[in-house]
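Asks: What follows is each chain in one-letter form.
Number of protein chains: 2
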Amino acid sequence: MADFQATVENYQNITKKIRHLSEAISLMHWDLQTNAPKGAIQGRSEAIGGLSGEVLKLSVSEEMEKTLNELLKEEYFNQLSSAMKASVLEDKKEFDRYKKVPQDKFEAYNILTSKAQAVWQEAKGKNDFNTFQPYLEEIITYKRDLIELWGYEGHPYNTLLEEYEPGITVEKLDNIFNYLKENIIKLLQKINAYLNVLDDSMFQKPYNIEKQKEISLLILDKMGYDFNKGRMDESAHPFTIQINLNDVRVTTNFDEHSFNNAFFASIHEGGHGLYEQNVSEELKNTSVCTGTSMGIHESQSRFWENMVGRSLEFWLYFEDEIKKAFPENLENVSTEQIYRAINKIQPSLIRIFADEITYSLHIIVRYELEKELISGKIEVKDLPNLWNDKMEEYLGIRPEQDSEGVLQDVHWSAGLLGYFPSYSLGNIYAAQFVNKMKKDLPNYHDLIRQGEFKSILNWLKENIHCHGKTLKPTEIIEKVTGEAINPKYFIEYLEEKYSSVYNLPME
Amino acid sequence: MADFQATVENYQNITKKIRHLSEAISLMHWDLQTNAPKGAIQGRSEAIGGLSGEVLKLSVSEEMEKTLNELLKEEYFNQLSSAMKASVLEDKKEFDRYKKVPQDKFEAYNILTSKAQAVWQEAKGKNDFNTFQPYLEEIITYKRDLIELWGYEGHPYNTLLEEYEPGITVEKLDNIFNYLKENIIKLLQKINAYLNVLDDSMFQKPYNIEKQKEISLLILDKMGYDFNKGRMDESAHPFTIQINLNDVRVTTNFDEHSFNNAFFASIHEGGHGLYEQNVSEELKNTSVCTGTSMGIHESQSRFWENMVGRSLEFWLYFEDEIKKAFPENLENVSTEQIYRAINKIQPSLIRIFADEITYSLHIIVRYELEKELISGKIEVKDLPNLWNDKMEEYLGIRPEQDSEGVLQDVHWSAGLLGYFPSYSLGNIYAAQFVNKMKKDLPNYHDLIRQGEFKSILNWLKENIHCHGKTLKPTEIIEKVTGEAINPKYFIEYLEEKYSSVYNLPME
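Residue numbers (the numbering used here), protein chains in the order written: chain H, 1016 to 1522; chain V, 1016 to 1522.
Bear in mind the hints are in silico, worked out from the structure with no lab data behind them. A couple of the hints might just be wrong.
Since copy identity is lost for identical chains, a pair holds within one copy or between any two.
[Unchecked claim] DSSO-like cross-link-like pairs, simulated, lysine-lysine; straight-line CA separation at most 30 Å:
1. 1088 - 1205
2. 1088 - 1487
3. 1299 - 1205
4. 1338 - 1120
5. 1031 - 1130
6. 1469 - 1053
7. 1244 - 1228
8. 1453 - 1031
9. 1130 - 1244
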């Protein structure tokens, strides 16, 4: 058995190499999405592929295995700092997963998903599911093989869930999503019954892009996003990326004819950015120095986007700034009118444009299909019809073409299965956090009304951000709220908010 | 002996890894200079250091050595494409240099120069040579050790020159620089005697930065810089970087109160950019897919900056655009006046602001000191006085403080010795190229006057750019102009141009 210090140093040397490579890869991705000239793409993609291969090689190397096994021995493990313990466990988990995948299989899968994304793009453009079908079939086959290699308990889909939301299972999700579905559909029917159509025409006028940018930067700054440790750029699809702990960048996308989209995209990504910027410095240079899961990440972005950014108090606080920025667009429009417009409920076909209430139904449609694709209960070729049936059943609208239905999202072509539920879990987590936050900060609404976001951010930092990936999502939920994941808070939040937005009768 | 194909593949695998890492490192450097938030710097610098270490390790690895030695055997070497031959020779040269440097020595040197740059910055700020002196002494000692390790013929300084300008020696440079010094001082005296002071007050007014940017982009585009394979950003110190062959970026630096600087910085970097963008596609993915030397690079940037950008024809072509962009600044100013203003000769203390005539004298001052520092004829402590004496002797002005004298440039603190002569060689090469270009394109001046930069760029591509690093600078000069480097063309160019700018009497 090697000397403890030497083993630790050995471990740190391997993980440092991985970290340096990962930092480079992240920057290359960011650059491709924001700055890179067209000609750069091919070479850059090859370089990203090459360096990602090196990361994988190091992650499953014999040296990594030996070092991890040494450090996991009780007498060594006990001597490690808690950050190092979490880091070793995280790396061991990754090692166990990826060591099991034969390298040729992994490479073939990477080529498959690269091709599949291009094919999907074309298929969506031509509204032609058939050309995409064989690629999706191959991807499903690969996922099933992976599940066999990795093993599973309960439902095979659990193995895919575990990758994005450790601790979440089909058994839990079925309960959560059935509760959500039932209550959301009920709320939707109520809104439909009392529907006084909301006027959101003020957002259809052109909004000066430079002014939009100024407002986005102002709001990010007010939220507490640290521009000494990040920056905001533009990209076709908004995203957040941690390049290193002190360099967490967000992007947004401005459209003169859609003030709404850029505005909430900036706040949404700001929420992700705050999470990554505020992981504890103690976790720096470990494998757990990042958000713990997709779902907790979405809870942060959706908290800021929907619960803060789409609240009346928020708009009352920013109304002067926003009306000053766009005097012509917003003259004669009251802040109350804006508040109602940005919370307009309208079942629609495209997930990314869905409102806060119907959004979860989009996720549930896909979850139910994914689960049964993996278990083999349904087949890829049946997806378009099944998709449309479920949309009709849950949202009351039926896509007329697959480009607005089953083909709308890139995720499946990129092999992202088991990923969608996290979007919806984010809303549930966020509402559950806010319920607790309101107890700790009884003047929660006033804080927003007065732009005192600092207290809110501090609460998030202390309760969620600082832990990075040292706690699983289920552990964070329980630690913060004292109970397991519970979707009732999200339903209560929706009922309360939309009763006010739509003046629904109290029950 | 391993199979030929396997050996080639092996070589390509190692060099591909080096290339991918180098691409990442280049992007990280670019990002640090243009975009990165302050917080990013420490982590990014560590990552750059780590990945650069990996590149060095691969470059001097046993595998690299074995593979290169195999490929250099006659029966294998003869089978290689000419691009691969050049690549193998280049890698072998690097291998031989760096293999000889003990790793601990190399790492200590990297730490030394990092510290020295910070110390220099402070010393310059405080105008205090003494604090910098011990660092420079250590750097000189390292350079002397390196020269011993690498060996030398003739003057020991030749070994340092070889790194930046292969084929150039002290013996050649002494001749060239003495000729230059003598003739430039003569020309300067003539200008002083006939000095009618040029009015450049039109450049002291504020120039709108957005307009400056538009003009810079317009001119780069007209020059033929391909924005599908590059972009222009802003940075404190303008630079050009090849990230990959189809992603060559330039930066510039705008100052409202100095239109001149940004304008010529953009053109200068555009010249570097054109060189890197137009290396032959056949050299892609080899070690010779870049400009061949600092000096040839400077010949390209200075050709565009001075010979094209500071010509009357160039300004006549762009006058409408520029006067339209800055109507208030340039009303009542003739293009002829602008032409004379941008070519104003004025001996001054700071190299980077020097005019086209006195520039070479700054280089010669430093060259003469560097050479004797390395040979041991002079000591670091004597530099401030020696510097000031030479400035007074050659330029007729004496710095009153070291911050405007020997401390003005960062280069020595970064270990860049043997590098400065290339700046001056660039001017000499450029004039020699233009002399030939005028024979091939007899309507050379008309082409500029009409903005027909394409023919000029094509000439440069075919004669210089396409070769990348397959030819040494001395080989390119001889191939293109039919003779060895000859400074008389530069002197003739200066005499002719400044006789016209200053209306000097013809001899």
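Asks: Hint by hint, say whether it matches the structure.
Replies: Tested hints:
For the homomeric pair residue 1088 and residue 1205, neither the shortest alpha-carbon distance inside one copy (59 Å) nor that between copies (83 Å) is at most 30 Å. For the identical chains of this complex, residue 1088 and residue 1487 are intra-copy neighbours only, at 22 Å inside a copy versus 58 Å across copies, given an alpha-carbon limit of 30 Å. For the identical chains of this complex, residue 1299 and residue 1205 are neighbours neither inside a copy (49 Å) nor across copies (64 Å), given an alpha-carbon limit of 30 Å. Taking the shortest alpha-carbon separations for residue 1338 and residue 1120, neither the intra-copy value of 56 Å nor the inter-copy value of 63 Å comes in at or below 30 Å.
When the C-alpha separation of residue 1031 and residue 1130 is checked against a cutoff of 30 Å, the pair qualifies only between copies, where the shortest distance is 23 Å, while the shortest distance within a copy is 32 Å. Taking the shortest alpha-carbon separations for residue 1469 and residue 1053, only the inter-copy value of 22 Å comes in at or below 30 Å, while the best intra-copy value is 41 Å. Both within a single protomer and between protomers do residue 1244 and residue 1228 lie at most 30 Å apart by alpha-carbon distance, with minima of 19 Å and 27 Å respectively. In this assembly of identical chains, the alpha carbons of residue 1453 and residue 1031 never lie at most 30 Å apart, being 41 Å within a copy and 55 Å across copies at closest.
In this homomeric assembly, residue 1130 and residue 1244 come within 30 Å of each other (Cα to Cα) only across copies, at 24 Å, whereas the closest approach inside a single copy is 36 Å.
In summary, the numbered hints that this structure violates are 1, 3, 4 and 8.
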